[in-house]
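Q: Listed below, chain by chain, are the residues.
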Amino acid sequence: MESTVSHLFQTLDAAALVELVLIVVGALVLITLEQRMLPWAADKLHGYYRHMVLASVPLLRLVIISIALLLALPIAIEPSWQNMAALLGATGLALGFALKDYVSSLIAGVVSAFERPYRPGDWIEIDGIYGEVVHVGMRSVALVTPDDDYVTIPHLKLWNTAVKNANNGSPRLQCSAVFHVHPDHDARQAQVALEDVALTSAYLQILAPVLVLVRELEWGTQYRIRAYPVDPRQQFRFTSDLTVRGREALRQIGAQALLPPAEVPVLRGASATGRRA
Amino acid sequence: MAAANDYCLPVDSTPAALRRKWRLLARLFSRQDQRDTLAQPEAALSTLPRARLDTLVPPLVWEGAARAFDPIYAAKAGSAPPPGVVSILVGQPYCGHTEILAHWARGRSARLLEPPTAQEILNADVQWLTRCHSDDQGLWVMPALERCYLRNANGLALLRGFLDLAFSGALGPGVIGCDSWAWAYLQRICAWPATPVLTLQAFDGAALTALLLQPQAQSTQAVRFLSAHSGASLLPEPEDGEDDAAAPVSPELRQLAARCRGNLGVAWHYWRERLRTAPEPQAGEASEGTPPPPPEPNAIWVAPELEIRAPASDAGDDTALILHALLLHNGLAAPLLATLLPIAAAQLNLQLLQLQSLGLVEMQDTGRWQVTPLSYPGVRAFLRARGYLTDSF
Chain F
-3 MESTVSHLFQ TLDAAALVEL VLIVVGALVL ITLEQRMLPW AADKLHGYYR HMVLASVPLL
57 RLVIISIALL LALPIAIEPS WQNMAALLGA TGLALGFALK DYVSSLIAGV VSAFERPYRP
117 GDWIEIDGIY GEVVHVGMRS VALVTPDDDY VTIPHLKLWN TAVKNANNGS PRLQCSAVFH
177 VHPDHDARQA QVALEDVALT SAYLQILAPV LVLVRELEWG TQYRIRAYPV DPRQQFRFTS
237 DLTVRGREAL RQIGAQALLP PAEVPVLRGA SATGRRA
Chain V
4 MAAANDYCLP VDSTPAALRR KWRLLARLFS RQDQRDTLAQ PEAALSTLPR ARLDTLVPPL
64 VWEGAARAFD PIYAAKAGSA PPPGVVSILV GQPYCGHTEI LAHWARGRSA RLLEPPTAQE
124 ILNADVQWLT RCHSDDQGLW VMPALERCYL RNANGLALLR GFLDLAFSGA LGPGVIGCDS
184 WAWAYLQRIC AWPATPVLTL QAFDGAALTA LLLQPQAQST QAVRFLSAHS GASLLPEPED
244 GEDDAAAPVS PELRQLAARC RGNLGVAWHY WRERLRTAPE PQAGEASEGT PPPPPEPNAI
304 WVAPELEIRA PASDAGDDTA LILHALLLHN GLAAPLLATL LPIAAAQLNL QLLQLQSLGL
364 VEMQDTGRWQ VTPLSYPGVR AFLRARGYLT DSF
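Chains as they are written, first to last, in this note's numbering: chain F, -3 to 273; chain V, 4 to 396.
There may be inaccurate statements among the hints.
Said to hold, decoys possible - Ranges of calculated distance between the beta carbons of each label pair, as one might list FRET restraints: (1) Leu203(F) / Pro85(V): 28 to 38 Å; (2) Leu203(F) / Lys79(V): 24 to 34 Å; (3) Arg22(V) / Leu29(F): 25 to 35 Å; (4) Pro196(V) / Arg243(F): 30 to 40 Å; (5) Ser395(V) / Pro142(F): 47 to 57 Å; (6) Ser222(V) / Ser166(F): 53 to 63 Å; (7) Arg55(V) / Val25(F): 52 to 62 Å; (8) Arg247(F) / Arg22(V): 31 to 41 Å.
To be verified - Derived contacts from chain F toward chain V, CB cut-off under 8 Å, selection only: (9) Lys40; (10) His42; (11) Gly43; (12) Glu74; (13) Ala189; (14) Thr196; (15) Ala198; (16) Gln201; (17) Leu203; (18) Leu207; (19) Gln230; (20) Arg243; (21) Ala245.
Read the hints as simulated data drawn from the structure, not as lab findings.
Predicted, not measured: the structure shown is a model, and the values here were computed from it.
C-beta atoms are modelled at their ideal positions from N, C-alpha and C, and glycine is treated no differently.
Isolated chain V, as found in the complex:
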C-alpha cells in the first residue's frame, strides 16, 4: 500500500522497452487486421486445463492487502478517527479494491455500505442516502464508489449527496474505495476535501516473482517454469536455496511488470495466459522428422510475450466511447451503456459483440460488460493516444 501520489511505475530494461515501443509503432502503421495480430499458442505446446492453472497460479486473494491497509489507515486517519475523516482507497481495474475493503471492513467490524441501484442513481432517490445513515456513527466503508454514479446528467446528484454526507461527518468516519478511472473522472466533477488517498503499490518484477512463488512454497511437487523461447527458468527453483526476497528476477518478469504498469490483476492474467504444457511423447514419433527435445520433468512452459490486444488504430469514435464508458464505470450492462452513450441500442449491441470477438470486452456473470484484463494495457494506450481521460497509474 502507498499514497496514490507515490505510485512508482515498474521500469523495464532499455532494450526491451525500445523493442516494445518499436512493435507498437510498427503495429500503428501496419495494415494488419487486429485478429491477425493476436498471438497464437505455440504449435507444439498446449494450454493447461483450468484446474491445473488454478493450482499453479491460484486466484488472487486480497486478505494480505487488507492487512497491509490496516496500519496505513491507522497512521493516516488515527486509531479512533472523528466523524468526517474519510480515507480513500483507489484501485486500478482488476486490483480488487472492493474485495480489499470488504475484508478490511469485516476485520474492523465496520458497516459495509451497499451502492445504490442504477434506477436509484438516475432518479436521485434519497432513500439510499437515508439507508447509509446509522445512529451509532461508527466506522463505515463504501467499497465501490464507481457504482454510485452514472455519467449522465441525472447520474451525479446522488453521488454528490453521499459525498456531502460523508465529508460533513453525518455518517461518521469512513473509507471509500474507488476505481482509478472513476476517481480520475470524479476528481473533476466534485470538489474533494484534502483527504488521504491510498493505493496498492505497483508490482515490480521482484514483487511478481515473490507472488508467483507463493503457491510453489505450499506445493509438495516442485514445478519449473521454463521459457518456451529460451528454455531458461523464469522463477527461482527450490534447489536454488535462496529465500524469495533475495531471488533473482528474470528479465521476462521485469518486462511483464513494466508492460502491465504494475497492475497486479493484469499481470496475473497475462501470466496464466502464457502457461503451456508439452504433450507426452508418443511411442514411434521419434523416428519421424527431427527428434523431440528431451522431456523436462514437472516443466511448465511459458509462451513468449503475447501481442498486445488493442483496438485498431483507425477504429471509429464509437469504439473509443464504448471502451471509455466501460472503464469509467468499471463495467456496465448494455442497457445502461445505451442510456449513457449517444449510440443507438441496436448499434451498440453489435459493437459490443464485435469488440467481444476481438477479445477486447467480455460479459461478466453480473451481466456487465467489461474491458478484458488482457486487453486493458492496449485499450488504455489507445484511449490515451486519442486524448481521452485516463487514470493516473
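The following block holds chain F by itself, in its conformation from the complex:
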C-alpha cells in the first residue's frame, strides 16, 4: 500500500518545489489582489456596474484556484488516470469522514459561484438573517445586517435552506411601506394620495413600477406601497420617507390611522424595513 501511494507522487526536486511554491504564492497574491481591488473599484461605481464588478469576485477567484490546481497537480503527481482516481478517492474518503461539513461548504461555495443564489452587493435573507452580501468566500458568505452586524453563514445552508434574494444582482430592490387606517374613508382618494407620495419621493427609481395595494381586514384597511429606490442601499431611508409622508397624506384626506389589535399577528416586517415588509 505504502509503495502504491508513493508511486502517485512525482519525485519533487528543488526546481519542482520552487515551481509549486511560486504557483501557490502567485495564486494567493492574485486572489488577495482581486478580493481587495474589485470591491474597491465597485465602491466607486453605482448601479449595474457596481453589481457586475462585485459579482465577478467569487467567480474570478474560482478561476484562479482552478488554474493553480491545473498547474500544480501535474508537478506533484504523476499525471495518469489511475493516479488521479486513486488520489482523489483517498482524499475524498478521508475528508468525507473528518471534515464533512467543511468540505460540503466548499463544494456549495463552488456551486454558488455558478448558480449565483447570492453575489456581493445582493440583499439576501438566510435563516431569518437579512443583510447585504459583502463577501462570498470559498466556505462562507458574509453579510452586513441593517444593524451593522457582520454575519458569516456557511455555504452549506444552500443545500437545505431557502435563500431569499431581494435584488438578484441588479440595483432594483422592491420596498414596501404599510399603513393601517380606519375603514371609514375614501379608499380611492387614499390610493391616489399614496401613489403620489411614492411618485414624489426623492429616492424613487421612477423608471420602475409603483403600486399601491389595498386590503380590507376585519379591523381596518391596509395600504401597501410597493416601489423601488434608486439604489438598494437607500431602502431604509426610502421606506422611512414613504412612511412619514404617507401618514401625512392619509391624515390630510381624513383617514384615521389604526394600530393592529394585539391579538392579530402583525405581518412580518410590517414596519419600515425594506422589501420584506
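Fit chain V to the known structure of chain F by using the hints.
A: Using the frame of chain F, we list chain V on its own:
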C-alpha cells in the same frame, strides 16, 4: 429647431473622446479633492473684464430661435390650430426655452400664462386655473411648465388640472415650454396625449463656430482667438475670405460641442470662461529670464480645456438628492428645497454652501439655487452614473 426625438448629439473625434473618457476614469479612481481638480488660469494670462467679455461673446439672444420656431409650429399644428392642439417645446437647462416662447408669444400676440406661485401649487389653489381661462379661446403660451409643479405629494394636482384643461381644449390652442429634466419626470407622472414635441437642435462644432463669429462680423476691430496651448487660431479669421458656413471647424470647437452634448448655453459659458488676455509687456522685463513671445495684436487667448466640475465620486446621497431636485425644477429656493427633500433645513443650507464653494451650484437673483452651467455636464454624468433619472438629451 427639431423634433425632440431627432436631437443629434455632436460627435467628437475618436482620440479626443477617448482622452476625455480616460480623464474621467482617472478622476473616478483618484483620491484628489474636488477643489484640487479645478483648472487654474494660465499663470501668464489673465481673465477678461466683464465688459470686454460681453463685447466678444455677448449674452445669447433668443429672437432667432423664436423665429425658427414659428414655421415649425405652423407646420406641426397648422396655421389656425383648433382648441386642444397643444405643442410642446422642451429646452435643456440654459437653452432659453422660456425666453424663446416669450419672444414667440409677443410675435404671435398670444396670451402668456404666468406660472402659479409655490404656495398656490402646494395648496392646489384652483384660482390659478381660473386665471388661465380666457373667453376669446385664442392662442396661449405657458413658457415654463417646470414652474407649475413641485415634487411633493401636494405639488402635482395643479399641474394635472392645467394639463387636463389644456388638452381638453378649454383654454384654446397653445404651446407649452418645459425644461428637459422636468419633462423627463413629468412624462412618468402624467399620461400625455400624442402631441408635437420640439426642441432646439444640438449645436455642433460648425453651429458653434457660426454663432461665435457673429459678434466679430459686426465689430470694426478684428479679433483673433488663439489657442493658449498651440497658438492656432480657433475661429476663422476675416482674411480667410470664406463665409461662415464654409469656414473650417477647429477640433477644439468640435470637442467643446461634444463635451456640452450640444447644449448651447453650456457651450457659451465654457467658451467665455476660457477666454484670456496677455498682459502688456513692461519695459525691462525682456532682460530677465526667457524672452516673452512676440505680442499678438488683437489676440484673445483661449485657455486649454477646463477640467469638468463634478461632485466627488464618493459624494453622499444628500448631494445627489439636492442636485437632482434642483435640476428637476430648474432651480429652487432653499426653503422649498427643504420642503421637497428629506433633509433637515439647517443641514441643507450647509450642503448648499458647500456645493457653492465647489462651484457646483449658485444662487440666482431670484433667490433660487441652480446648478451652475460649468458644472452641468459633470453633474449630469454624476447623477446618471448613480441611476437617477436624467433628461434625454
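Q: Take a look at whether the Cβ-Cβ distance between Ser222(V) and Ser166(F) falls inside 53 to 63 Å.
A: For Ser166(F) against Ser222(V), whose Cβ atoms are near 57 Å apart, the range 53 to 63 Å holds.
Q: Please verify that hint: Arg243(F), Cβ, nearest Cβ of chain V, below 8 Å or not.
A: violated, 11 Å
Q: Is the interface hint satisfied for Leu207(F)? The criterion is a beta-carbon contact with chain V at less than 8 Å.
A: violated, 14 Å
Q: Against chain V, with CB atoms and a cut of 8 Å, does the hint on Gly43(F) hold up?
A: holds, 4 Å
Q: How about Ala245(F): closest beta carbon in chain V under 8 Å, or not?
A: Since chain V brings a Cβ to about 5 Å from Ala245(F), closer than 8 Å, the hint holds.
Q: The hint says 28 to 38 Å between Leu203(F) and Pro85(V); measuring C-beta to C-beta, is that right?
A: holds, 35 Å
Q: Given the range 52 to 62 Å, decide if the beta-carbon distance of Arg55(V) to Val25(F) lies inside it.
A: Holds, since Arg55(V) and Val25(F) (Cβ atoms, about 60 Å apart) stay within the stated range.
Q: Hold the hint about His42(F) up to the distance rule: shortest CB distance to chain V must be less than 8 Å.
A: Hint holds; His42(F) Cβ to chain V Cβ min 4 Å, cut 8 Å.
Q: Take the shortest C-beta to C-beta distance between Lys40(F) and chain V; is it under 8 Å?
A: holds, 5 Å
Q: Closer than 8 Å between Cβ atoms is the bar; does Leu203(F) clear it against chain V? Give me holds or violated.
A: Because about 7 Å separates Leu203(F) from the closest Cβ in chain V, which is inside the 8 Å limit, the hint holds.
Q: Is 30 to 40 Å respected by the C-beta to C-beta distance linking Pro196(V) and Arg243(F)?
A: At roughly 35 Å between Cβ atoms, Arg243(F) and Pro196(V) fall inside 30 to 40 Å, so the hint holds.
Q: Regarding the hint that Ala189(F) lies at the interface with chain V, is the smallest CB-CB distance below 8 Å?
A: holds, 7 Å
Of the numbered hints stated above, those contradicted by the structure are hints 5, 8, 12, 18 and 20, listed in ascending order.
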